[in-house]
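Peer 1: Chains A and B, in that order, give the protein sequences. Read in order, the letters of the first sequence correspond to residues 1 to 322 in UniProt numbering. Read in order, the letters of the second sequence correspond to residues 1 to 214 in UniProt numbering.
Derived from the structure by calculation, the hints contain no laboratory data. There could be a bad hint or two in this list.
Unchecked claim - Reference excerpt, derived from the structure (chain A facing chain B, CB under 10 angstroms, subset only):
id: 1; residue: 77
id: 2; residue: 79
id: 3; residue: 134
id: 4; residue: 201
id: 5; residue: 283
On a predicted model such as this, the values are computed, not experimentally measured, just so you know. We treat Cβ as the ideally placed atom computed from N, Cα and C, and that holds for glycine.
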Amino acid sequence: MSILKMSFTGRRSLALTATAVAVTLAAAGCGGDSGGGAPTLPGNPGLGGDGVVAQSVYDAAPVATDADIPAGSTMEAIRKRGYLNIGGSLDAPLLAQQNPVSGTIEGFDADMAKLLAKYIIGKPEVKTTTIGTQTREAMLQAKSVDAVFQTYTITPQRATQVAFAGPYLTSGLAVGVRKDDTSIKSVKDLAGKTVIVGANTPAVTALPSAAPGSKQIAFGTDPQALQALLQKRGDAYVQDFTLLASGAKANPGMKVVGEPFTTEAYGIGLNKEDAQFKEFVNNWLKKIQADGTWAKVWEGTLGSVVEGGAPTPPALGSADGS
Amino acid sequence: MEALTAHLSQLGHGLVTTVELTVVTTVGAMLLGIVVATLRIAPVPLLRAIGTAYVEVFQNLPLLALLVLFVFALPTIGITFPLFTSAAIVIAVYEGAYLAEAIRAGINTVGVGQAEAARAIGLTFGQSLRHVILPQGLRAVIQPIGNICIALLMNTSLAAAVGVVELTQAANNVNLVEAQPIAVFTGAGLAYMLLALIIGQVTGLLERRLAIVR
């Protein structure tokens, strides 16, 4: 039995290493860029297959008129530069993950960024700077990036430092456990347990009140936290529902239990001083929500692991701080 | 400033963990360094090869990669240590390689005549090492050892990546609430600077007391 387990986990770590090498190669420019991402699966029209938004969604996406882009504005600077400079991630499946084969970044956050780029420039040209969650505010204040698309939860305290357009997506914290665990059915069962969280995620601050008496261990990245759960360093992993769902899909050893127990409203982080740009981005969000582009992006990415159709997009300005 | 003062206890706990981690690893790395340096000058070729292999392996791997491997790869073969212990072992093993080289440099400053004289009066290799060579060799490299200890202190911040809540991770957690990275990390940076200055002062004191002027 133990030998079986060893060989199983051994193969996984080998696969992880292989993926890491592939990602490194792709990042180094060795991966060919096929433009439209992975080929569309047959019999799944409208959806670009597993976690990929179809090219037709980009083709139909709106482009701002010249009247929307006044001279001297941030938008004009971006249009002149020819690409949108965003802060994001490369390792969040279904939200923003770099495809090791094509080198393109796929997922809800990444596709929203590309659509904003198309709206401003006319083509979905995005340069992604991977940033840690601890430097987002500093990057925006220094104008090192135009916007942050990184499941950036809107909070009133953060809103004193940055401007949030949106919310463009709502989700919430949920509980992931190992598949064979039947003792934990919801967040209420976490009291006295050891709980794994992602460092710098809302779970760090939400857990003490949602599950009093629980002990926290934090890991830097989502793959590390998942691995730690499977290696029994903790009893449960509290993370955003969308991330847990994609993690459960990739790792048969874990499952998501219960409903999300918080409501997180994700915003597009922008420079605090730039009210004009915030209004512009909010207008764009309104447009893509109304014409159905938002729903198509959701279905192509997060919708591929969540049952049921696309949810109603969150109302702009509905989160405290947006 | 308020971002810092409102979370002093959280940052304080992180600072204590950083100091604990630094002290434990410095002691461990020092012992390992002496053993490895001894191996590298041992009369037996196999022991010298082991010492050389140790230094080459651990000086040429990034500490973060070692930490991630130790914390996430070992459990796949059934070995799991608590996180603090894992971080302490890895940092001690890694810094041990650097200390070994500094100590070997110190040993090289001891005149050949000293070793020959020790052998002439009938001391074994172990005895001459313990009573003649190491005491002189270590005293010659107090300053470099102090510098490696300061680097070790800074390297403990990498333990944050594998779940140890030391000063850097505590600062991360505070920033998560306050969203003021510049204030929070300036505070943490000043705390690191203070600790490094203390190590520097202790090193300087030891240097003045113990160094052999040639």
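Peer 1: Take the hints in turn and mark each one as holding or not.
Peer 2: Structure-based check of each hint:
1. 77: Constraint on residue 77 of chain A not satisfied, violated at 25 angstroms.
2. 79: Violated: closest Cβ of chain B sits about 30 angstroms from residue 79 of chain A, beyond 10 angstroms.
3. 134: Result: holds, 5 angstroms to nearest chain B Cβ.
4. 201: holds, 8 angstroms
5. 283: Violated, because the Cβ-Cβ distance from residue 283 of chain A to chain B comes to roughly 26 angstroms (cut-off 10 angstroms).
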